[in-house]
Amino acid sequence: MLTNISNVLRACAQRNGSVALVSARTYADFTTEASFEIKKCDIHKFEEAPATEVVMTRDEGLKYYRVMQTIRRMELKADQLYKQKIIRGFCHLYDGQEACAVGIEAGINLTDHLITAYRAHGYTYTRGGTVKQIMSELTGRKGGIAKGKGGSMHMYTKNFYGGNGIVGAQVPLGAGVALACQYLENNQVSVSLYGDGAANQGQIFETYNMAALWKLPAIFICENNRYGMGTSVERSAASTDYYKRGDYIPGLRVDGMDVLCVREATKFAADHCRAGKGPVLMELQTYRYHGHSMSDPGVSYRTREEIQEVRGKSDPISLLKDRMLNNNMASIEELKEIDVSVRKEIEDAAQFATTDPEPPLEELCNHIFHDNSPMEVRGVNPWTKLKSVS
Amino acid sequence: MAASVRCFLRSGKNAVSALGQRGFHKSAPAAVQMMVRDALNQAMDEELERDERVFLLGEEVAQYDGAYKVSRGLWKKYGDKRIIDTPITEMGFAGIAVGAAFAGLRPICEFMTFNFSMQAIDQVINSAAKTYYMSAGQQSVPIVFRGPNGASAGVAAQHSQCFAAWYGHCPGLKVVSPWSAEDAKGLLKSAIRDNNPVVFLENELMYGVPFEMSEESQSKDFTIPFGKAKVERQGTSITLVTHSRYVSHCLDAAAVLAKEGIDCEVINLRSIRPLDVECIETSVMKTNHLVTVEGGWPQFGVGAEICARVMEGPAFNFLDSPATRVTGVDIPMPYAKILEDNSLPQIKDIIFSVKKTLNV
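Protein chains in written order, with full-length UniProt numbering: chain A, 1 to 390; chain B, 1 to 360.
Since the hints were made in silico from the structure, they are not lab data.
It cannot be assumed that every hint is accurate.
DSSO-like mimics (lysine-lysine), calculated; alpha carbons at most 27 angstroms apart, straight line [claimed, not checked]:
id : chain 1 : residue 1 : chain 2 : residue 2
1  : B       : Lys230    : A       : Lys387
2  : A       : Lys215    : B       : Lys76
3  : B       : Lys355    : B       : Lys259
Let the sequences and hints guide you as you build the complete structure.
Listed below in structure tokens is the structure:
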């Protein structure tokens with residue numbers, strides 16, 4: 001009956017030869033949840049793999065869509081602002097990799113812990129930062145998530161330890177967080193992310209050793225986007241099976257463009273850790289549309305065709321959108337509404353980020369030490385004595 | 001009891017009244033002697049007991065009782081969870097220690113010597129020291145990095161470097177260098193209780209040296225604040241500023257010079273960062289002469305910083321001669337004993353510099 005009404009309305013709303021659907025469908029029309037077949041993970045030293053048939057609810061789908069779209073648009077806006085020189089220094093964009101951040105967060109809780117390297121804006125968002133705080137940190141204003149003192153690579157929120165600039169250093173740090181989880185017996189896990197470039201770092205192998213030895217609740221995740229800056233994986237790694245490189249640590253290779261694959265694998269890994277079985281290594285096969293950073297056009301070491309192919313066939317947001325539409329979990333209008341709302345949020349945040357004042361000079365020397373009495377800091381010459389408070 | 005007896009013998013005619021005022025209801029504390037190593041051990045033991053979040057990790061700290069026996073008995077008392085033997089992977093375990101500090105624990109990260117900290121120096125500086133600032137105060141890092149620093153005896157070039165200047169250079173770190181057992185205990189307890197990254201520079205040759213411990217220092221809550229130097233010997237002729245093992249050298253030199261009528265004031269820095277410039281300036285304004293003494297290399301060293309600060313401050317106008325430095329020789333540390341002995345400041349070198357400065 002409802003379908004009949006909507007058909008009638010649809011007919012009435014015809015315009016310019018194209019069918020403009022008036023939103024007559026109520027939300028009762030949509031499927032509340034559906035089962036999906038996802039790609040099977042490659043496993044290393046696991047007896048079984050994460051499930052390949054998974055359930056996603058409409059609400060989950062809409063949430064993942066919104067969050068991924070928000071990250072996408074936020075990064076594109078950052079690109080714009082960088083080109084206008086309103087953002088300076090380093091800026092490593094995450095567009096293309098959204099399914100990783102969103103899928104991981106869907107597989108853990110906000111009470112769990114996460115640390116990543118410098119391509120961190122997406123994670124700052126999924127871990128609880130607002131677009132406003134993130135963008136104004138990029139523009140170096142006092143409303144920034146680190147009050148303008150950190151910048152693109154040094155954003156922090158609760159249970160999110162940045163944002164780290166030194167390639168690979170975040171992995172031992174993340175294992176240390178896992179040690180704390182084990183020590184405090186809080187049943188939490190620590191997710192440590194690194195890229196295909198960082199995967200060759202010695203300190204990561206040192207970390208694998210200690211994490212496995214002490215059975216730390218650590219999930220090591222390699223976001224393999226095929227290029228470490230301008231060097232492809234074939235040119236930098238003797239073994240590109242990143243999920244196997246933990247050797248004695250069980251590993252999973254996951255389709256990082258599918259948010260549900262990432263979610264399932266993360267849940268699987270987290271369960272393993274929480275059961276006290278020790279660390280897990282996950283490789284997410286993903287792709288970044290932008291170059292390594294805003295200084296890298298990203299086309300000298302890879303072809304535009306390759307980028308276009310990924311965009312056309314594997315875009316994480318498109319994949320999710322198609323799934324939802326094909327399974328009657330949402331309407332095009334509804335998703336468009338989300339797009340519009342996201343765009344507005346980004347615009348508002350950008351507006352704030354470009355108009356908020358820079359941090360006051362009085363802040364210059366603050367936050368050197370925690371819980372310290374106020375102290376003097378030497379300025380640029382012996383006569384300049386600056387004040388520093390905790 | 002011993003103290004009051006000494007009091008009596010020393011003060012002669014005042015002794016009787018002193019005894020009278022004291023009565024005998026309060027027995028005076030016995031002078032306790034303690035080696036630096038044991039003072040460090042006691043400090044860690046007390047802090048481990050006081051706060052469950054404190055733990056120690058490093059190579060051989062647990063079952064071996066510590067490479068230099070500083071952590072002797074701690075593993076037996078506190079077990080695997082709190083005293084952790086690590087593999088020989090400094091960069092990894094220092095990073096793990098910092099991460100644990102991020103997430104609410106209070107690690108003591110031991111480097112078997114600070115030479116090995118070079119492998120982990122990125123974690124000390126970029127992950128520990130800078131994080132509170134980069135996060136605008138959201139993420140504190142309550143960690144202590146400790147271990148022996150500087151030259152030992154015959155361990156040659158790769159095992160003899162002094163890191164006071166390197167770590168002292170970096171904002172976000174507190175850097176301390178104890179000399180006596182009391183310094184060791186009080187400063188280590190402060191370091192562990194501090195909510196910031198502290199680099200704690202011990203000295204292997206001092207571990208076995210006994211010192212008298214004051215009554216105050218025998219308390220479980222005895223701490224020594226950072227940024228405050230101690231005048232170990234009052235004097236009027238010249239100021240000697242030093243840290244760690246060289247405090248002993250300076251005191252010995254002062255004893256020799258006293259016989260020649262030169263009265264040295266010896267300042268034990270205790271803190272490299274923050275540096276107690278005020279103490280140095282006050283002293284220089286009294287003695288009008290300054291010599292710094294350290295084991296590290298001269299270029300860009302602790303002494304260089306002290307001289308620069310004195311130049312820039314009020315004490316400059318009180319100097320009767322240029323402030324100079326006594327330092328390690330500007331070479332990698334050689335092995336042969338005669339060469340090693342001549343690579344580091346000896347008492348005669350301090351005496352020489354003092355006399356040159358005083359033009360005698």
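Hint by hint, here is what the structure shows:
About 25 angstroms separates the Cα atoms of B:Lys230 and A:Lys387, which keeps this hinted pair within 27 angstroms; it holds. With a C-alpha separation of about 22 angstroms, the suggested pair A:Lys215 and B:Lys76 falls inside the 27 angstroms cut-off, and the hint holds. For the given pair, B:Lys355 sits about 13 angstroms from B:Lys259 by alpha-carbon distance, which is consistent with the 27 angstroms threshold.
Violated hints for the displayed structure: none, as all numbered hints are satisfied.
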